[in-house]
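Turn these sequences into a full structure, and let the hints steer you where they fit.
Counting from 1, position 337 in the sequence shown corresponds to residue 323 in this note's numbering; the numbering is continuous, with no gaps.
Among the clues, some could well be false.
[To be verified] Across the chosen pairs, the derived CB separations fall in these ranges:
| no. | residue 1 | residue 2 | range |
| --- | --- | --- | --- |
| 1 | Arg132 | Arg52 | 19 to 29 Å |
| 2 | Arg397 | Ser15 | 14 to 24 Å |
| 3 | Asn18 | Gly242 | 16 to 26 Å |
| 4 | His290 | Arg129 | 52 to 62 Å |
| 5 | His394 | Pro9 | 19 to 29 Å |
| 6 | Arg210 | Pro9 | 54 to 64 Å |
| 7 | Arg397 | Ser85 | 49 to 59 Å |
| 8 | Pro23 | His394 | 33 to 43 Å |
| 9 | Arg241 | Arg2 | 31 to 41 Å |
| 10 | Ser85 | Gly225 | 26 to 36 Å |
These are computed hints drawn from the structure, not numbers from a lab.
The beta-carbon is built from N, C-alpha and C at its ideal position, and this holds for glycine as well.
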Amino acid sequence: MSALEELRTAAWYGDRTLDLSFPPEWNVSTLNPETPPPLSDSQIVRALARPVGQPPLRILAAEKVRPLIIVDDLTRPTPCARVMPFLLEEFLQAGIGASDVTVLMATGTHGAPRADAMAKKIGPEAAAQCRLIVHDDTRDAVRVGRTSFGTAVYVNREVPASDLIVGIGGIYPQHSTGFGGGSKLALGVLGRRSITRLHFGHSSSKGSYDVDNDFRRELDEIARIIGLRSLVSLHVDAGRRPVRIASGDWERYYRGEVAFAKQAYRAPLPDGADVVISNAYPIDVSLTFMRSKGVIPLVHAPPHASKILISACSEGVGHHGLFPFISTSKFDRPRRLARYALARPRRIPQMVAGRLKRKLVSYSGKGTQPAGQAATFHEQRKSSSPIWLYLPEQVSLPERIPGMQQVHSWRGILDRVGEQHAGRGTLEVVVYPCSPLQVLDTHTMENASLSSPELQGAD
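In structure tokens, the structure reads:
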């Protein structure tokens, strides 16, 4: 072994360095994003002091008594802890102590996180000082309005009870809405009925990175309805360090930040590669979320290529209330029927047709995965090569994962690649070091499976 590649793994659970060795005859190309250096404290302070389109928080918070900070959960790599001390200082300048600030973790339908999740997200000091609440989309939601699209807006009751709302989130590629961040943070504090209606009321943007869609427009309306006008948005590098910040009125700056992401994280498709390696860090916390965030480069791998997905899956399978990756509950079918009931009438034929198509694919003899899951990795059936899931952490996952084969050592990965390409000399290897952040050079996800609700929903 001669070539050595250093990646990162286990976001939120160590953020460890992962050293990968390669045979000397392999030609390894690593597609690193072109991000700025990590932010200094002074740069963060300056961004908060000069928000876009708004007065500084210390002025907005004057005479307020029930401020609320909404943060994303650990399925997102946003290092909110880097911002929290400075945000709390802004509140203090307005006469509001940390003990009077409520922090609400926007979990959407992701279920209750582990006990230390809030300390990881906002830092142990802020977690010890502030009032902490983890959103539960199945309870404590109150109706606050209706969008022009017809969605009744049910939101965590802490939101309308607050007199100032500030969000902290990130801006990352997202299959359904083009990019996450901005008003999409509001989705994480909505009730299940509203979230379901949003997911099944709109067509997906199908991984096009286009934020000009009705899903996004309705989220914008919802953010206005619930009073989320001030937002701190971060971009992170391949090591999950914040490299760019925007604060203030998200409607004024969001599209500019998306444009930055499209340029800084741009990466070519793996055309001509013999081996494609996709590292799901920094969205590798669970199987459920890495399978939609980290798999995209592998979908575009040439048919003959070996496809390798790296993910720590520190929290195991993970959970999504609308789109469970591995279905184990007897309630999944009734829940699916309920989703059809909440969908807009014009969307129901599309949903039924999509489900029928996935069933036909699964019965075609080209795979043995359950019908509802087979389409997720439909593209890989064009070759006999599976996705090899390299798990650098000792985690417990189901023995069978649709479309994937688990491998627990890097040596095992190299052996499998060697067997697949036996007799060949030089292999062209492409590495995507932070694939969930990277923007591939394509405007349309050609894979039919990427428009399936299963992949669309894992956000």
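Review point. Within 31 to 41 Å or not, the Cβ separation of Arg241 and Arg2?
Key: For Arg2 against Arg241, whose Cβ atoms are near 35 Å apart, the range 31 to 41 Å holds.
Review point. Measuring from beta carbon to beta carbon, are Pro23 and His394 in 33 to 43 Å?
Key: holds, 35 Å
Practice item. Could you tell me whether the CB distance from His290 to Arg129 stays inside 52 to 62 Å? Key: holds, 54 Å
Check your understanding: Do the beta carbons of Arg397 and Ser15 sit within 14 to 24 Å of each other?
Key -> holds, 22 Å
Point to revise | Satisfaction of the hinted span 26 to 36 Å by the C-beta atoms belonging to Ser85 and Gly225 | key: For Gly225 against Ser85, whose Cβ atoms are near 33 Å apart, the range 26 to 36 Å holds.
Point to revise | Distance restraint evaluation - Arg210, Pro9, Cβ atoms, bounds 54 to 64 Å | key: holds, 56 Å
Exercise for review: Starting from the hint 19 to 29 Å, judge whether the C-beta atoms of His394 and Pro9 obey it.
Suggested key: At roughly 20 Å between Cβ atoms, Pro9 and His394 fall inside 19 to 29 Å, so the hint holds.
Check your understanding: Between Asn18 and Gly242, is the Cβ distance one that fits in 16 to 26 Å?
Key -> Since Asn18 and Gly242 have Cβ atoms about 23 Å apart, the given range 16 to 26 Å holds.
Review point. Using the C-beta atoms of Arg132 and Arg52, is the stated range 19 to 29 Å upheld?
Key: holds, 25 Å
**Study point:** Status of the given 49 to 59 Å range, CB of Ser85 versus CB of Arg397
**Key:** holds, 52 Å
The structure shown violates none of the earlier numbered hints.
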